[in-house]
Amino acid sequence: MKILKIFLVIILSMGFSQLKSYEKNDELKNKILKNIRCLICQGQSVYDSESDFALSIKFIVDKKINEGTSEIKIYEFLREKYGDWIIYDPKLNKNTFVLWILPLLLFLLGGAIMLKKLVFKN
Amino acid sequence: MKNKLNLSIIIIFLSFCFVIFYKGLNNSNIYTPKINDKKNIPIFKAKIFSSNNYIDSEKIFAENSYYIVNIWASWCVPCRKEHSSLMELSKSKSVKLIGLNYRDNLKNAKKFINELGNPYSQILIDNDGILGVEFGAYGVPETFLIDKNKKIIKKFVGPINKEIVREIKKIIK
Chain A
1 MKILKIFLVI
11 ILSMGFSQLK
21 SYEKNDELKN
31 KILKNIRCLI
41 CQGQSVYDSE
51 SDFALSIKFI
61 VDKKINEGTS
71 EIKIYEFLRE
81 KYGDWIIYDP
91 KLNKNTFVLW
101 ILPLLLFLLG
111 GAIMLKKLVF
121 KN
Chain B
123 MKNKLNLSII
133 IIFLSFCFVI
143 FYKGLNNSNI
153 YTPKINDKKN
163 IPIFKAKIFS
173 SNNYIDSEKI
183 FAENSYYIVN
193 IWASWCVPCR
203 KEHSSLMELS
213 KSKSVKLIGL
223 NYRDNLKNAK
233 KFINELGNPY
243 SQILIDNDGI
253 LGVEFGAYGV
263 PETFLIDKNK
273 KIIKKFVGPI
283 NKEIVREIKK
293 IIK
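Residue numbers (our numbering), protein chains in the order written: chain A, 1 to 122; chain B, 123 to 295.
Think of the hints as simulated: they come from the structure by calculation, not from any bench.
Please note that a few of the clues may not be correct.
The calculated DMTMM-like cross-link candidates involving lysine to aspartate or glutamate, where the alpha carbons are at most 25 Å apart (straight line), are [claimed, not checked]:
#1 Lys169/B x Asp62/A
#2 Lys161/B x Glu237/B
#3 Lys34/A x Asp178/B
#4 Lys63/A x Asp250/B
#5 Lys229/B x Glu50/A
#6 Lys160/B x Asp84/A
#7 Lys270/B x Glu185/B
#8 Lys34/A x Asp250/B
#9 Lys169/B x Glu71/A
#10 Lys24/A x Asp269/B
#11 Lys64/A x Asp269/B
#12 Lys273/B x Glu50/A
#13 Lys272/B x Asp62/A
#14 Lys229/B x Asp52/A
#15 Lys63/A x Glu289/B
#16 Lys161/B x Glu71/A
#17 Lys58/A x Glu256/B
#18 Lys277/B x Glu67/A
#19 Lys58/A x Asp48/A
#20 Lys81/A x Glu210/B
#21 Lys167/B x Asp48/A
#22 Lys161/B x Glu76/A
#23 Lys277/B x Glu76/A
#24 Lys160/B x Glu76/A
#25 Lys167/B x Glu80/A
#26 Lys160/B x Asp62/A
#27 Lys161/B x Asp52/A
#28 Lys91/A x Glu71/A
#29 Lys276/B x Glu76/A
#30 Lys167/B x Asp52/A
#31 Lys169/B x Glu289/B
#32 Lys232/B x Glu23/A
#33 Lys203/B x Asp52/A
#34 Lys29/A x Glu256/B
#35 Lys167/B x Glu67/A
#36 Lys145/B x Asp84/A
#37 Lys161/B x Asp48/A
#38 Lys64/A x Glu180/B
Every value quoted in this text rests on a predicted model; they were computed, and no experiment measured them.
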């Protein structure tokens with residue numbers, strides 16, 4: 001009876017740990033899919049879309065996660081196939097340099113104008 | 123003086139915005155991945171259309187010849203439109219056509235080929251769309267021209283027409 005109980009506990013814990021790993025994989029999959037642009041949809045991520053393109057990408061991301069491919073490698077794979085546009089969060093490179101720097105410059109410029117006005121007021 | 127400076131800044135800013143929007147309106151909103159450099163063909167294993175066997179990509183592209191990979195499906199209306207152009211290309215001896223049957227029903231696909239003719243030397247099945255993604259495709263129909271060094275040199279999004287056939291023929295000459 002005791003052996004049976006121990007056996008039952010082991011089986012249950014194994015089931016739970018597997019369930020947990022499935023949950024973890026699902027979380028990662030959703031995170032990646034939300035960050036991939038559906039290239040044939042209007043303003044939708046692959047996660048939100050049910051188009052054939054999105055279904056193919058969902059399938060390949062799921063497959064790669066199950067194979068143990070890391071998140072970065074999956075993005076790299078998709079970037080190689082479709083270019084930077086497919087990722088919502090673009091990498092800092094010579095093409096996206098302005099995109100990253102311009103908001104910062106505008107923020108600094110705005111701050112400088114405000115500061116100047118305040119100083120002049122005082 | 124200060125007012126003049128402000129006015130000129132506003133005019134420059136508005137002209138900048140106008141140029142950006144004007145250019146943006148003229149741009150196509152359909153995204154097409156650019157092929158800046160020649161990409162190697164992907165390495166894969168695929169199921170053959172006519173049998174249940176699998177074949178390696180190395181065997182498919184084994185010959186020293188140009189290849190055309192055409193992604194098609196029986197449910198795709200533009201594929202029906204481009205089929206006559208593919209039939210014309212299949213007559214050329216310097217190119218081999220490989221068909222990639224994308225997310226399709228096998229029975230319907232066979233009916234499509236029987237009805238319109240088979241321009242392909244080999245048809246592969248891509249039920250999950252994995253092979254399409256490996257080639258960097260995002261829809262059907264799409265056509266890739268592969269040179270003798272097994273590099274993708276051209277990509278045609280949408281149905282191919284007489285003009286594209288002429289362009290391909292010029293390259294493979």
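Structure-inconsistent hints, enumerated in ascending order: Violated hints: 2, 3, 9, 10, 11, 12, 13, 15, 18, 20, 21, 26, 31, 32, 37; rest satisfied.
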